[in-house]
Each structure stands twice: as structure tokens, then as C-alpha cells.
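Participant: Each chain is listed here by its residues.
Number of protein chains: 4
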Amino acid sequence: MSQRFGAGIWHFATYVDRYATDGYGDPRSVIDAIDLAGQVNDLSVVDLNYPFFGGEFTNDQIKEALDRNKLSVIGITPEMYTREFAKGAFTNPDPGVRRRAHELITEACDVVRYFGAEYVKLWPGQDGWDYPFQVDHHALWQNSMDGVGRLASENPDLRFVIEYKPREPRVHMSYSSVARTLLAIEKIGLPNVGILLDFGHALYGGESPADSAALAIDYGRLFGMDVNDNFRSWDDDLVAGTVHPIELFEFFHVLHKNGWEGVWQLDQFPFREDSVAAANHAVDFLKTVSRALDVLDEDALAEAQANHDAVTALRIAQKALFGSW
Amino acid sequence: MSQRFGAGIWHFATYVDRYATDGYGDPRSVIDAIDLAGQVNDLSVVDLNYPFFGGEFTNDQIKEALDRNKLSVIGITPEMYTREFAKGAFTNPDPGVRRRAHELITEACDVVRYFGAEYVKLWPGQDGWDYPFQVDHHALWQNSMDGVGRLASENPDLRFVIEYKPREPRVHMSYSSVARTLLAIEKIGLPNVGILLDFGHALYGGESPADSAALAIDYGRLFGMDVNDNFRSWDDDLVAGTVHPIELFEFFHVLHKNGWEGVWQLDQFPFREDSVAAANHAVDFLKTVSRALDVLDEDALAEAQANHDAVTALRIAQKALFGSW
Amino acid sequence: MSQRFGAGIWHFATYVDRYATDGYGDPRSVIDAIDLAGQVNDLSVVDLNYPFFGGEFTNDQIKEALDRNKLSVIGITPEMYTREFAKGAFTNPDPGVRRRAHELITEACDVVRYFGAEYVKLWPGQDGWDYPFQVDHHALWQNSMDGVGRLASENPDLRFVIEYKPREPRVHMSYSSVARTLLAIEKIGLPNVGILLDFGHALYGGESPADSAALAIDYGRLFGMDVNDNFRSWDDDLVAGTVHPIELFEFFHVLHKNGWEGVWQLDQFPFREDSVAAANHAVDFLKTVSRALDVLDEDALAEAQANHDAVTALRIAQKALFGSW
Amino acid sequence: MSQRFGAGIWHFATYVDRYATDGYGDPRSVIDAIDLAGQVNDLSVVDLNYPFFGGEFTNDQIKEALDRNKLSVIGITPEMYTREFAKGAFTNPDPGVRRRAHELITEACDVVRYFGAEYVKLWPGQDGWDYPFQVDHHALWQNSMDGVGRLASENPDLRFVIEYKPREPRVHMSYSSVARTLLAIEKIGLPNVGILLDFGHALYGGESPADSAALAIDYGRLFGMDVNDNFRSWDDDLVAGTVHPIELFEFFHVLHKNGWEGVWQLDQFPFREDSVAAANHAVDFLKTVSRALDVLDEDALAEAQANHDAVTALRIAQKALFGSW
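Chains as they are written, first to last, in numbering that gives the first Met the number 0: chain A, 0 to 324; chain B, 0 to 324; chain C, 0 to 324; chain D, 0 to 324.
Be a bit skeptical, because a hint or two may be false.
As the list makes no split between identical chains, a pair holds if one copy fits it or if it spans any two.
Straight-line alpha carbon distances no greater than 25 Å define the calculated DSS-like cross-link-like pairs of lysine-lysine that follow [said to hold, decoys possible]:
no. : residue 1 : residue 2
1   : K286      : K69
2   : K318      : K286
3   : K256      : K186
4   : K318      : K256
5   : K286      : K256
Keep in mind that the hints were calculated from the coordinates and are not lab data.
I would like the entire structure built from these sequences, with the hints used as guidance.
Facilitator: Below is the structure:
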């Protein structure tokens, strides 16, 4: 079976930030975004925000738009990071808000069931802190774990993936790294909680994404992944492969070597670019990676790695990826 | 004369970002913001965005709100970073957009004149690039300088201040550092262009803000300043003094030693905090700094600095700032 | 009992780096260093490198020097990061070198027993990688854990502490963060393995050191700590409290609140400073912190933290620390 | 004429750091290093440290070693960053040390003349500061400029190049960025002072190296360059092209477009690698870059850049560099 590609549907939305408050383009509904996603070569799945953005839409209406674009749903991302949750969803100081977060995500569970998606994606971007002395770290972390654990135990038929990130919008996010997230998952102790590993978040957090993937796989918790690129100091969500192609190749090599066969997804924010062109360019690079994995001299690479011989290992890898060497 | 304090009026607005697209609070008009600014202890000036946000207001209406809050205007910040300018104001690839940026800022000049403010503040946050190979760096930089130079030569009665920052919203901003901005100002060669030095931007750019201030003063170009705090890796715009009090004190020491007598301004974004409380807390710290400057043993410090004796210099400075030592 | 203070004995050595290969001062033996440590006010314990540097010394000779300076030993740091271990100690590709690392640390165990110290300190600074594709991450991490586990199981009478750090001298260190280290400790599953939390390493790794301490305490694994300061982007090992006093106070507050009663140690590298003056300045700050903990309004702080009210919490904390507010 | 390649001779030395104080290999003399450099494919020039390391050697002895390896000298790097200069060379608080730095560099001038080299390379790695409040920034910067200016005016027959870097070994270096260095050069006002642009230093300083090159060329001050790679947060001096191949290509594209025809040099520190293999791997990548420049569609790229069209520009560039697209 050939490699499947996917994208977060927000790839095809427009964006605001604290400066361009009038947005980087005209608002689009989720339906508009799906129709753009359908124009990308070889995209087969999307991750949908819930509630659906840009209007009131039924699941059936969304399904119809997906069908006409030959797309299916891999995951649902409940919007647990909007105004109501500005001081946290799982960790909000107000128990009423924590409850509302639980309800919102529980609704999202039904959307996952409707679409036959693989997982509920938890991205607790507002759960954390900004200042020294602001929070009781022990209590905050306990709430971070309790919120996930309760959802996972109430919905044993579904998978929950946590997408960690060092920061933004909070100055420090609770689920900040692969290791921190695995610690939580081990403590929660349920089989249906895993990691959605975002290449850019790992890179930005000072991790080697290939190492992060290896660790999550060691624990049997790599439930999903997505890619993009950045300059290591912020979650720029640039087009995959345009800045760090070699580390992206190493990341996919770890997945490949471990027989990980999930979807290769995009999590890009083309603020100023044509979103279809940005997605096509990334998918073209991913196809190059896929071909490179086929021609990589695995035995020679394994021997070089056994010796920690960086120059030899890189020569093998660069030759496979770039061809022209 | 006692020290005057000021704030960017956006300190009292609410914010959006790419996740909390519904905003971190109900929208406020500039009038609402001015009324909040009036509640801060000892605030006497504000910097106003132009166009005025949250409605259609005449200069007279704004003036009335300022008067009832005993506030005057230090500068006007034209919004040259909104949707129209997403690919740059001075450096936009479209000459029509560059012209529109020029017109907008020219309008802002008249607002400066109306309010008798000290300067037009140029913050070209969208002028720069995101990707390798995206731009011709020579041409981009030339446009960055030409845009400022034209304004300054057309309006010799006004001062223009450039507020540099390493990045955000662009991944790389053209006016990225104190030295880069001084290079441009020297090339432009006009007396009415200077720097608005944001403490947090310097910190975040890996500069020592005290050194940045000293350099701008050496060139006679320190026309304004504002303060806040961050964790050195992003422009967090946190409350001044809450993370890096010693470097903030060193920054003010350089201003004081050089007889720089301008307003001490706040550029904070209290996303999740009460904006009046956040301003009051910062002003209280600034007053502590002001008192510390009065008691600092300048001779002993100068001697320690002449020897590059860090431990002695810090003992003197920390004692003055923190008292309890 | 009053607070005890300590220091790594290397604080009183001289240093080389890749540029000043002739060193930042005349070489000193460990005996010289102990005699300098004895001049610091209120220092009662030291951590000793093993083998002892600067000559051939017996345990008895070291003990005599310690006794005349009224110092005792808190830990022994085997030098598992010198030339022989340049490509790793626990993770070296050569099994013979891994064995030699084991032997060296086993010798250090006997030195711990001789001095009645609290722990063997493991700082695997060469265990990691430099380049993409250089290593098999799964295998490397397994070796990282196996090396520690074997020592801990062979020496059940002793405690082993792992001092994590993001990098240096390796570009990426295996034991890179508090969460990663706790994952390993949980997997190793022995009661005598814990964390030595270096404030600067946590800061430099983008952690909030107070949060790191809280997490290690949650797992019952905070076996030791040391402090210093830096600019968040490298392990500068500057004098504690000179750059980030508020976060240092928060770190100690978490220890205090949890009844953690160990030694407050210094891990500073005064390359260009008088080492006794640098230690005294740091200890003076730590005493300020200790007094601040006594006057901190814990109830009011707990209430502010329960509300995630940063401004109120900081006002309480800054007032306690700085007095002059 | 085909592209000439060069290397700092330290590429072929061994190193120490503050942990592996016994060095990452047996010491080598400069003669040993030259003989290793001679084994690299297509290396034609070297930059030599002065004094020559690893023994007492005459210029004639060095020349003989160079001749037998078919190497010539591009520049001389006086060691103004060793113990004597630990608190600065140009900026040392002791005028006697400043004088000694001047004398050392003046001696190096004669070595440049002897070898017919292109420049004296100034790398003032100890000139700067470590702590807040440690120095008078104005005075320090003035000394930084005076030291260079005096040398340049006393030796009008020679060129002096300043190699800037953000930090290391000082926590902050005075010559920290391309713009700061150009400011100094403009102030010094002599024709024989320029920049040696190290790709890795620019990258690590948050610059886009291509933009840095363009700026230095605009001022007519790009007198030399060298390359390597790193992870953006430290001067790792890794093998060129192994981490950031696309930005390296962009850097060379700017040189090429501007008709800059100097030597492409390596500044790598292969701590744990075979130094000949590390150099060969880098040179192979540079040859790939050279071929890519030949096939790059310059017109199409220029058009994409005129529109700031990142996706199109990158597609053109990546295709030229990687072939397999």
C-alpha cells in the first residue's frame, strides 16, 4: 500500500494574530477549507477542528463536502484553547471551566465516532503558566493528568492523542515535551492515551525529532504525527522540508525502521502563501523522502550508527535523500 | 521634575491570537482603553495606534477622553502591520501597497501634529521574510530604508522613531537589532530619525539592553523607550521587572548616567491579567528603580566597572535595588 | 538547624576551554581548591571530582585538608567525561570503554563510602550525539539506562544521582531534561537512583526550575540540587542570583514548601572572577532567600496561586525577596 | 578558474574543553596539522594561528611544510584570546595588556607579509562581558574600535578582517553581529578593515547568513568567509551542509550573484571525528553547491523573489541543489 498523506484542515483556513487583527485573508468556513484540501495532490485524510469553524454545520454537511473531495477524517481537534479556556482547560483555576472543557471534548468524542476517525486530539495550548510564582506546579500538573485520564476512562472505545509543545499561546505549556508527556501517560496508565508527535514542536523544544519518535515508539505510544518546519525558536509552522530536510528525513527513517505505518500529516500555517501550493510543495518533499527510504543503504547505515560514525552515516543519508551526491 | 510614566494604549485593549480567535476578552474601543489608562497610578502619557481602534472617532473625541483622564500623547503608531501589509509595508512587493503605507503614515503625521506628540512610531513588523530564498535581501533592505527616509524628508518638523524587533509577526524582521537600525539611520542621514528602544526586544534579540541604550545614545538617536519583560526567546510583553529586574535596572542606569530624561513607558500585553493591576505593578517596580538610582554608589560602581569587576559591581547594584542586602 | 551550604570543588579550580588552552589561571590541585573553599563564609560541604585533580592524593590526604577547613563531603563526581569517554561513557560504541566507565564509577563508590558521602554523582556529559543520523536512538537510550541500572543494583548501599543537562560537551545529551531522567529512573525501577537538579541546567533547558523540582519531588527522586545562573541559552555557571533572582527564589520556595531539607549547593565556574568572592556573593544571596522564605506570606501566596493570579503572587514574592518594595 | 577551497588550520588540531581537560586526542603541532590538511581533496589554502602551535617553528619551517602539501596561506589569526587576554585584548581593563595585544597582532602582521597572505584575522573572543553591570558599555565599545583602528592605520599595506560572533568564550562579545561590526568599520573609516563572515556565527546569532553577506557586500566590506554548521543555539562548528544545507546554498547564491570570488573556507571543529574525513565531506557538499549554482534558474528565481513568492523560489532552489526533485 502506498503512503497516505493528510493535513490539519486549519492549513486551508486564514489566520489572525495579535497584530493583523483583521486577518491574513478573508474568513473561510470549514467547507471552504475542505474544498481547498481537495485540490491538493494525493491528500486523503484531514484533521477537523470542533466546533466546525465559519458557520453552523451538521456532521452530514461536513461529510458531504469530504466525500466530494475524496477525503476522510483521521482525527477531531476540540477547540480547548479559545477565550473561555484562556487560563487553561484541564488546569483552569475555575472548576466550572474545567467541566466545560470536559463537556466540549466529550462532544468531540461523538464526532470522532460519527466520522470513524482514529482519535480525539488534545492540544492543551492554554494549559500552563506565564510567570514565576503564578501557579502551584504540583497541582497544575495533577490537573493536566486528571483531565486526560477521565476522558480516556470514560471513552474506552476511542483513542486520545496528546500533542505536546513547549509554549504558545501560554508562555509555558504543561505538556511541553515528549518525555513529560510519556511520564503523564505512564501515570494515567490507560491503553488508549498516546502521543501526536509534531515534528516542529520537537525541533522547537530542542529535541531531535527522530529521537522523540524512537522514545514514543519504545513506549508503544506513537499514535499519530504531523510535520512542518521552523527556525528552532518558535512554532513557525512553515512548509515541511524547506529548512531542515535532513532531520525530517531522519525522523521518517525512525518511523520506517520501526514499521510505523500511519498517515504522514501536515500541520502548516501558510499565513502569506497560497495554501494549496504550500501543501503540494510539502507533499512533493514527502514523496522524495519516501523514495529515499526505499534506496537508503540500511545495512551500511546501521553499521555506521553502531560506531557513532557521523560522517559516514550522513554521507549515506544525504546521498539517499539528495541524489545528486 | 519627577519621573514621568507612560504606556502604549494597547496595554488596555484586549487581544486575539491564532488560537483564541474569539479574543482574550470583550473588544474595547480606544476610548475604553483610555479610561482604563486613567485608572493607573501616575501615568501621564500614552502612545496611540492610528487608525483609532474600536470605532470611528475624531481627534477631538480622543482628546476629550484623554483630558478627562489627565493624559497626553507621546506618540502615534500607524498600523502598518494589518492585513493589507501582510507582506510588508515599506518592503511590500507591490508598489501600490508601499504607496498606501506611505499615505497611512502621512495621515498619522497629522495626528501627531494635532496632539502635539513627540514622534511618529514606525514598527514595521511585517517588513522582512519568512523563508530562505524568499527575497532579494539587498532590494528588501533598500526599500526598508527608502520608506523611512522619504517620510522623514517630507516631514522635517516631526520625529520618526523606529522600533526594532528580531521577529514576529514576520519570521525575520528587517529592522531586527539596535545596530542594524543605526546602520540604516546613518545611511538615511536625516536628523529626525531615531530609535524607540523596547527593552524586551533587545533582551529577546540577545542584546544587553543597557548596551543597546548606550550605543543608541552614542549616536544621538535614542528618541524613546519602553519596557516589559520576557523569557528571552520571544516577545512575551510581560510585566516589567517580574523576570529580569537586574538587567532592567542596568538599562535605566545607563539612561540616568547619560542624562536621558524622557518618559519611562510600558509596552505590556496582559493577555490574561487585569490591565490596570498589571500597569500598577510595573509602575511600582519602576519607582523602586528610580529610588535605587538615587542611592546607587556611582563612584564605587564606576571603579568596579573600570576593572570589569563583576562581583563588586553587582554587589553595589543589587544592594541599591533590593535594599534588604 | 540552620541551612547548610555547599559547593562543587571545581568552583575553586581554574579552567581551560577550546580557546584559552593555556587556562584561565595557574593550575590548582584539589588540595589548593579545598583550602580556598575553606575561606568561604558558611560553606560546610563539597562535592569532589574523582580521580582527585592536580596530583596523586590518598583519601587520607584529602580528608586531612577537608578537616582543617571544617568541610565534609556530600558527593563524589567520577570524571566520566574525559578523553577516554569522548564518545560516551554508558553509551560508548566500544564495549571496552563502557566497561572502563563502569570500573571508574565503581571505584568512586568506594570513595563515597570512605568519606561517608551522600551519593555518587553521575554526570554523563559525553553520552549523547552531535549529528542527525549519527546514532540509533533506541540503542543509545537503552545503554544510558543500563549503565546506571547496573551500578545501582551492584551498590544497593549507595545512592546515585543523575545530573541532567540539555547539552555540552555533546551537542545533545541523553539525560537532557527532568522528565527524561524521571522516565529512565522509573524504568530502572530501583530506589537508590535519583536526580541532582542543577538550577541552571533546568533554566537553560527551557524548564521552570521550580516546576522541575516539584516534579522530581512528586516522584520522590530529588536527591540533591545545586544553583548558579545563566542567560538561558547556555550553561554559563554564573554566580547564583545575579541574573534570575526571582526564579531562583521560586525554586527554593518549592523546596521549602515540600520540606526538602538538603544542602544548598553552588555549581559555579568563575572563569575570570576571584573564586572565594564569587562564592561569598552567592551565599549572601542564598541567605537573603532563606530570610525571604521566613517572611513570605504563604497563605496569601497559596490563594493567589489557586487563582493563577500572577500579579498578586509576584507582588507577594517580590516584596518578601526584595524588602524595599 | 575553478573554485578554491580553504580551511582554518585548527580544523586539523585536537581540542580541549572545560570537561575533557586531557583533550580529545593527542596534541598535534601545526606541522602535523598542515600534513593532515594536505590529505584533503582540493584544499589549496589555510588560515594559520599565530603563534604557531605545538612547538617553536620558524616561518621557513612552516613554509616548507605548506609547500610539500601544495598549500598557501590566506590569513593569519593572532591568538588574542588566550590566558593573558582572558578579560579582553582590545578592551582589557589593564592598559598593559591592551598594549601586549597590539604587539602580538603587530607581530602577526609581519607573518602575513612573509606568507603573502590576504589578511590579519581579528577574532576578539574575549572582548566583551559576562554579567549585568560588569562594564561601562560606552567605554568598552570605544576600546573595541580603537584597537582595530590603530592597527589598520599603522599597517595600511595590510587588510584586517573582523570575525564577529555573538558569544563564547565571553558571555557577550563586543563584535557580536554583522551590523554591529559594520557600524564599527564605518566609524573607524579606513579602507583596509573588513568582515570575515562565518556562516555559523551568523546562523547562531539569529541572522540569515545570506542577508548578512548581502549587507557586508553592500558596504564593500566582505573580505573573507568560512562555513560550518550548528543547531542555531551555539557555535557547534559541525561539518558544513549536514544540518542546514538550504540556507548554506542561499548564502553561496548571494556571493555568486554579487560576483564575490574569494576562497570558500571551512571553520570546523571535528572534536570526535576524523578531521580529514570531516573536511572531505564538507568539500564534497561545497562542490555540490557549486554545481547547483551553475544550473539554478536565475531568471525564474529573481522573478519569484521580486514577488516574495517563497514556495516558487524554494522549488527552484531545492531542485537545483538536490537534483532528485
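Participant: Each hint: holds or not?
Facilitator: Hints, one by one, checked against the model:
1. K286 / K69: within (20 Å within a copy, 45 Å between copies)
2. K318 / K286: This pair counts as both: shortest intra-copy Cα distance 16 Å, inter-copy 14 Å.
3. K256 / K186: between (28 Å within a copy, 23 Å between copies)
4. K318 / K256: Within one copy, since 18 Å is at most 25 Å while 27 Å is not.
5. K286 / K256: within (17 Å within a copy, 31 Å between copies)
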